[in-house]
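Undergrad: Read off the chains here:
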Amino acid sequence: MSLTPEQWAEVNAHFHRVLELDDADRAAYLAAIDVPVLQAQVERLLRSHHSAGDFLSAPLWQEVLSDLVSTAGPGSQLGDFTLIRSIGAGACGAVYLGKQHSLDRLVAIKIVANVGEEARTMAHLEHPHIVKVHTQVIDPVREQRWICMQYVEGSSLDKCIARNRFTTTQILSLGARLADALEYAHQRGIFHMDVKPGNILLDQDGTPYLSDFNISFNTSSGNPTRVLGGTFKYMSPEHLSAFRNEGTAVDHRADLYSLALVLKEMLLANSVPPSVEIRSVLDRALARDPEERFSSAADMSRALEGLIELHEIESLMPPPSAMVQFANTHPLFALLFAALFPQLLGSIVNISYNSIRIVSALTPAQQALFDQLVVSYNAIVYPVAIAILVVIARPLRGIWSQPRTRVFLGPERLALLRAHVLQLPRWLILITSFGWLPGALYFPACLAWIAGPLPTDVFLHFAVSFALSWLIALTYSYLGTKFVALRVLYPKLWTGTGKIRETAAKELPTHWWRAQTFFFLAGLVPLSAAGLVLIFAPGAPSAAIFQSLRHLLLFLLALGLIGLVLSVRATAVLAQTLHALTGHHRAPSK
Amino acid sequence: MEFEASEITQLLQSYNTGDPQALEQLLPLIYGELRQLAAAYMRREASDHTLQPTALVHEAYFRLVDQKGVQWQNRSHFFGIAAQLMRRILIDHARKKIAQKRGGKDIRVPFDESKHGASTFSDILALDEALKRLKELEPRQAQVVELRCFAGLSIEETAELLQTSPATVKRDWTIARAWLHSELQDAINESDA
Numbered sequence: 001m002s003l004t005p006e007q008w009a010e011v012n013a014h015f016h017r018v019l020e021l022d023d024a025d026r027a028a029y030l031a032a033i034d035v036p037v038l039q040a041q042v043e044r045l046l047r048s049h050h051s052a053g054d055f056l057s058a059p060l061w062q063e064v065l066s067d068l069v070s071t072a073g074p075g076s077q078l079g080d081f082t083l084i085r086s087i088g089a090g091a092c093g094a095v096y097l098g099k100q101h102s103l104d105r106l107v108a109i110k111i112v113a114n115v116g117e118e119a120r121t122m123a124h125l126e127h128p129h130i131v132k133v134h135t136q137v138i139d140p141v142r143e144q145r146w147i148c149m150q151y152v153e154g155s156s157l158d159k160c161i162a163r164n165r166f167t168t169t170q171i172l173s174l175g176a177r178l179a180d181a182l183e184y185a186h187q188r189g190i191f192h193m194d195v196k197p198g199n200i201l202l203d204q205d206g207t208p209y210l211s212d213f214n215i216s217f218n219t220s221s222g223n224p225t226r227v228l229g230g231t232f233k234y235m236s237p238e239h240l241s242a243f244r245n246e247g248t249a250v251d252h253r254a255d256l257y258s259l260a261l262v263l264k265e266m267l268l269a270n271s272v273p274p275s276v277e278i279r280s281v282l283d284r285a286l287a288r289d290p291e292e293r294f295s296s297a298a299d300m301s302r303a304l305e306g307l308i309e310l311h312e313i314e315s316l317m318p319p320p321s322a323m324v325q326f327a328n329t330h331p332l333f334a335l336l337f338a339a340l341f342p343q344l345l346g347s348i349v350n351i352s353y354n355s356i357r358i359v360s361a362l363t364p365a366q367q368a369l370f371d372q373l374v375v376s377y378n379a380i381v382y383p384v385a386i387a388i389l390v391v392i393a394r395p396l397r398g399i400w401s402q403p404r405t406r407v408f409l410g411p412e413r414l415a416l417l418r419a420h421v422l423q424l425p426r427w428l429i430l431i432t433s434f435g436w437l438p439g440a441l442y443f444p445a446c447l448a449w450i451a452g453p454l455p456t457d458v459f460l461h462f463a464v465s466f467a468l469s470w471l472i473a474l475t476y477s478y479l480g481t482k483f484v485a486l487r488v489l490y491p492k493l494w495t496g497t498g499k500i501r502e503t504a505a506k507e508l509p510t511h512w513w514r515a516q517t518f519f520f521l522a523g524l525v526p527l528s529a530a531g532l533v534l535i536f537a538p539g540a541p542s543a544a545i546f547q548s549l550r551h552l553l554l555f556l557l558a559l560g561l562i563g564l565v566l567s568v569r570a571t572a573v574l575a576q577t578l579h580a581l582t583g584h585h586r587a588p589s590k
Numbered sequence: 591m592e593f594e595a596s597e598i599t600q601l602l603q604s605y606n607t608g609d610p611q612a613l614e615q616l617l618p619l620i621y622g623e624l625r626q627l628a629a630a631y632m633r634r635e636a637s638d639h640t641l642q643p644t645a646l647v648h649e650a651y652f653r654l655v656d657q658k659g660v661q662w663q664n665r666s667h668f669f670g671i672a673a674q675l676m677r678r679i680l681i682d683h684a685r686k687k688i689a690q691k692r693g694g695k696d697i698r699v700p701f702d703e704s705k706h707g708a709s710t711f712s713d714i715l716a717l718d719e720a721l722k723r724l725k726e727l728e729p730r731q732a733q734v735v736e737l738r739c740f741a742g743l744s745i746e747e748t749a750e751l752l753q754t755s756p757a758t759v760k761r762d763w764t765i766a767r768a769w770l771h772s773e774l775q776d777a778i779n780e781s782d783a
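If you read the sequences in order, they're chains A and B.
According to the numbering used here, the first sequence holds residues 1 to 590 in order.
According to the numbering used here, the second sequence holds residues 591 to 783 in order.
Here chain A stands alone, though its shape is the one from the complex (with noise of 0.2 angstroms):
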């Protein structure tokens, strides 16, 4: 029955035309229409004029008036507080941006139905990273009751995620400031619960507030295992089972699983992979079980900080060599060798000095014994030192293996095992004396005593020999294992600490010092040692003396200047790295 606007003029005509005439002739005239079709619609429009009534007799506003009223939106008024716009809708009521007219400010209203308890929970929270509740009105009309709050002018963490990238940085410090409120209302007995990006809302500047504690409660109004609601992506295992009515307790420790996992979420959308120290503070805070999580969120912030700090300290060292990064990944290896391999080089002065001074001083029985004295020493001496080596390196064991195996060690046993690493150089002093120095006495005291009188200036090189071995190896020894010790790894015992730069000035200034003073030695033992070797060397030497005679300065001022150039690289490195660690100095220009 669609009709063109020509033939609805058509009807118009006909339809007023009728309208004048009497009932008698109105009959006669629509039966002479000759288009069916605007007959059928004259007619029905007369059917429908007649039985109109009322139709239309008053204007349609009344509906809309009082819905208007009825329900609250923008310009709705009550009290002190005017709704602008909406800004959002939440879990139990819609938020709006609203004015409050006294104090002439900005505020979030949040509308909800005039049950539960979420104003009162609020209204004792006053922290830098707490949505502010500054005050509820209650409408009794509408059964509603209007929760008035800080505005942030900003957006939720969800929205945000979606739109940028955060830096490492970033996420652990949004993540420290949240457990520090967190720890704020943990302290006053009352938990979140609900803890997303959701809830968190960023004002401009990127600063987190925490918000929503619609489904939190006190600890004084309730028995945790009968909280409901709460979003599931976010939820500990904990408050799942208590969920299902599983009767598990749920403490405040749910609030720092939610939030671990809200900034693992963040981490994983970064194009950087999060390093091991930082997926280890994560992995904790994740564990099933809550015991096994930090036990506070204040303990979780100062692991956050800690990261943060480690994060800055780490950007400020030097950039490990190849022979650093190898040693990154096999410390123990990088351990013993740097012990060991010292006294290898003391052996090789050792040898050759004794072929040099005292073998051809000897009776032929007497270099036999000689030998096997050699043998036996050092089948004695160099398991000895390294089964001392292993003990004393036993307790930084798990700290490199694989993260699923890692434990997690707090900071109380981290302090020790650094203090512990600190100490590493010393014991080296102790093997290498030990594993030397009875050398000067043992072997011409057996030498004299099983085969035979010695001469006296036999004695006299025994002693040289073995205290020019003696500080080679020490000086090494101790330098390579303060260089490993300090460069590689201290700087990896701070996971989950706290403070880390002022912690690392008090354990670190005379380790330092002391390094210093000794770095230059590793230049000036060899070459001294090269002085002493003329100054001992015989008068008239054979050509087979004179040539091991010749090696040995060789090597030894070979040493002497490799050391020389080692110690000044060295020292750069350990500088740069304990500041970066202490902060003493501002990072290197690049």
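No lab work stands behind these hints: they were computed from the structure.
It cannot be assumed that every hint is accurate.
What the hints assert, rightly or not - Result set (DSBU-like, lysine-lysine): computed pairs, CA atoms no more than 30 angstroms apart in a straight line:
| id | chain 1 | residue 1 | chain 2 | residue 2 |
| --- | --- | --- | --- | --- |
| 1 | A | LYS132 | A | LYS233 |
| 2 | A | LYS233 | A | LYS264 |
| 3 | B | LYS686 | A | LYS99 |
| 4 | B | LYS687 | B | LYS725 |
| 5 | A | LYS99 | B | LYS687 |
| 6 | A | LYS264 | A | LYS132 |
| 7 | B | LYS686 | A | LYS159 |
| 8 | B | LYS686 | B | LYS725 |
| 9 | A | LYS132 | A | LYS99 |
Guided by the hints, dock chain B onto chain A, whose structure is given.
TA: Frame of chain A, contents of chain B only:
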């Protein structure tokens, strides 16, 4: 709403110059103003609920327009927009209410039985559709309905606005009303079938 007055003026002006989008953007801004006025009116007319939508529209618009005033070409433009906006608000509300009532059958109150034109919301939507069809047949008649139903103008006021005679308006009103009524009856019959 003070800080939004100039924004509203801007939009009204762009609507004047033919931008249809402006209407879309105006609606949410106007809602707020209407709410406040509606509340005030309801309070004042609490006894007998006889609201004067014309006055409301006048007031709303004068409040919405800023101090400097908008250069209206003619009063009909003013009311034309008002009526369209009221219609839009009503339709949007009806749609929202229907969406809220998922699954529930709303009570039918046929037009000719109610005093205040109160009706079901789906009837309002049917009316809107019918009005759109009427506009294609004779735009002036659709406008008459719009002005009378949504802005609440009388026959004389409408005639003055459209610059025709009251008789013309009366005739337009009569046939339009008849037609809309029949269209609506058909719609009701269809959905009842």
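Undergrad: What's the verdict on LYS686/B and LYS159/A, does the C-alpha distance respect the 30 angstroms limit or exceed it?
TA: Holds, at about 26 angstroms.
Undergrad: Is the straight-line distance between the alpha-carbon of LYS132/A and that of LYS233/A 30 angstroms or less?
TA: Measuring from Cα to Cα gives roughly 26 angstroms; hence the hint holds.
Undergrad: CA of LYS686/B to CA of LYS725/B, is that 30 angstroms or under?
TA: holds (25 angstroms)
Undergrad: Hey, LYS687/B versus LYS725/B, does the alpha-carbon distance stay inside 30 angstroms?
TA: holds (26 angstroms)
Undergrad: Is LYS686/B within 30 angstroms of LYS99/A, Cα to Cα?
TA: holds (26 angstroms)
Undergrad: Would the hint linking LYS233/A and LYS264/A be met if the CA-CA limit is 30 angstroms?
TA: Status holds; Cα separation ~13 angstroms.
Undergrad: Keeping to a limit of 30 angstroms between CA atoms, is the pair of LYS99/A and LYS687/B held or broken?
TA: holds (28 angstroms)
Undergrad: What's the verdict on LYS132/A and LYS99/A, does the C-alpha distance respect the 30 angstroms limit or exceed it?
TA: Holds, because 15 angstroms separates the two Cα atoms, which is no more than 30 angstroms.
Undergrad: Do the alpha carbons of LYS264/A and LYS132/A lie within 30 angstroms of each other, as the hint requires?
TA: holds (27 angstroms)
Against the hints set out earlier in the document, no violation occurs for any number.
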